[in-house]
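Student: Sequence:
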Amino acid sequence: MRRIYESDALHRDDEPFTPREKDSSYKIQAMRSVDSTALSRRVLPQGLRHRAVSVTVSTPQEEYAVGEPIPFRVTLRNPLPVPVAIPTRSPLLWAWKVDGFAEAAEIQLHDPPDEEGELVLDRGERKRVTKRWDQLFRVSDSEWEPAEPGEHTISAEINVEDPVGKGLAGETTVRIVPEEEAERTETE
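Under UniProt numbering, think of the first position of the sequence shown as 1, with each following residue one higher.
In case anyone wonders, no lab produced these hints; they're calculated from the structure.
Even for Gly, the Cβ is constructed at its ideal location relative to N, Cα and C.
Any given hint could turn out to be false.
Stated by the list, open to error - Computed cross-link-like contacts, PhoX-like style, restricted to lysine-lysine with a CA-CA straight-line distance of at most 20 Å:
hint, residue 1, residue 2
1, K131, K97
2, K166, K97
3, K97, K127
Unchecked claim - Pair ranges (Cβ atoms, derived):
hint, residue 1, residue 2, range
4, T37, E106, 29 to 39 Å
5, V66, S36, 20 to 30 Å
6, P146, D35, 43 to 53 Å
7, E125, V66, 35 to 45 Å
8, D141, D35, 41 to 51 Å
9, V82, K131, 26 to 36 Å
10, E171, P91, 19 to 29 Å
11, D122, S90, 16 to 26 Å
12, E179, T37, 47 to 57 Å
13, P87, S58, 25 to 35 Å
14, K127, L48, 17 to 27 Å
15, P45, E180, 52 to 62 Å
16, R123, P87, 12 to 22 Å
17, V66, P45, 45 to 55 Å
Given only the sequences and the hints, what does the whole structure look like? Please build it.
Tutor: Shown next as structure tokens:
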């Protein structure tokens, strides 16, 4: 093979398909692709983006004994075949609440910056986050109060103006029962 290159046999023809030395001034461009998220931002109307995304909250059980931690799952889902980008009020994209208190705290825990954020869900994407509520409400920086027995609502919402009105919120209700009543329910 070396003899062919040393003899300049490949360079004697000036035909268009004859191999030549590499032209370093020409850069090969990678295959261009469309940024579908950017396209979604420009093409999909804001109302359609809001209707497309669903927020659900679920718990493994409906009843829990007093003091028993309550696990819950928040699911954000985009069923569309295109990505969806929802602008949010801050980089804090979503929040969970118990009985209307953010992260089960009666005090403000976060002071998010004034800059906006964006929740992006790829086509057909489902994001799941598992959290746990220990049946306590935070009343100060160092003080917690236990939740009263009865029904409590655990909710989650995307950080936009009027998330309930735009359909970007979900909730579930759990019942906290005294231990004696929980044991009776389990044996029946």
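Student: Would you mind marking each hint as holding or not holding in the structure?
Tutor: Now the hints, each set against the structure:
This hinted pair checks out: K131 and K97 have alpha carbons roughly 11 Å apart, not beyond 20 Å. For the suggested pair K166 and K97, the alpha carbons sit about 18 Å apart, so the restraint of at most 20 Å is met. Taken as a hint, the K97 and K127 pair is honoured in the structure, with Cα atoms around 18 Å apart against an allowance of 20 Å. A hinted range of 29 to 39 Å holds for the C-beta pair T37 and E106, which are about 38 Å apart.
Checked against the hint of 20 to 30 Å, the C-beta distance between V66 and S36 comes to roughly 49 Å, which is inconsistent with it. For the hinted restraint 43 to 53 Å between P146 and D35, the CB-CB distance of approximately 50 Å keeps it satisfied. Evaluation of the 35 to 45 Å hint for E125 and V66 yields a pass: the beta carbon distance comes to about 38 Å. The hint said 41 to 51 Å for the Cβ distance between D141 and D35, and at roughly 44 Å that hint holds.
Range check, V82 to K131: Cβ separation about 29 Å, and the 26 to 36 Å hint holds. Taking the beta carbon of each, E171 and P91 are about 24 Å apart, inside 19 to 29 Å as hinted. At about 22 Å, the CB distance of D122 to S90 agrees with the hint of 16 to 26 Å. For the pair E179 and T37, the supplied restraint of 47 to 57 Å holds, since their beta-carbon distance comes to about 50 Å.
Between P87 and S58 the beta carbons are some 27 Å apart, a value that agrees with the proposed interval 25 to 35 Å. Evaluation of the 17 to 27 Å hint for K127 and L48 yields a pass: the beta carbon distance comes to about 19 Å. The beta-carbon spacing between P45 and E180, approximately 54 Å, falls within the hinted interval of 52 to 62 Å. Roughly 19 Å separates the CB atoms of R123 and P87, a value that falls within the hinted 12 to 22 Å.
At about 47 Å, the CB distance of V66 to P45 agrees with the hint of 45 to 55 Å.
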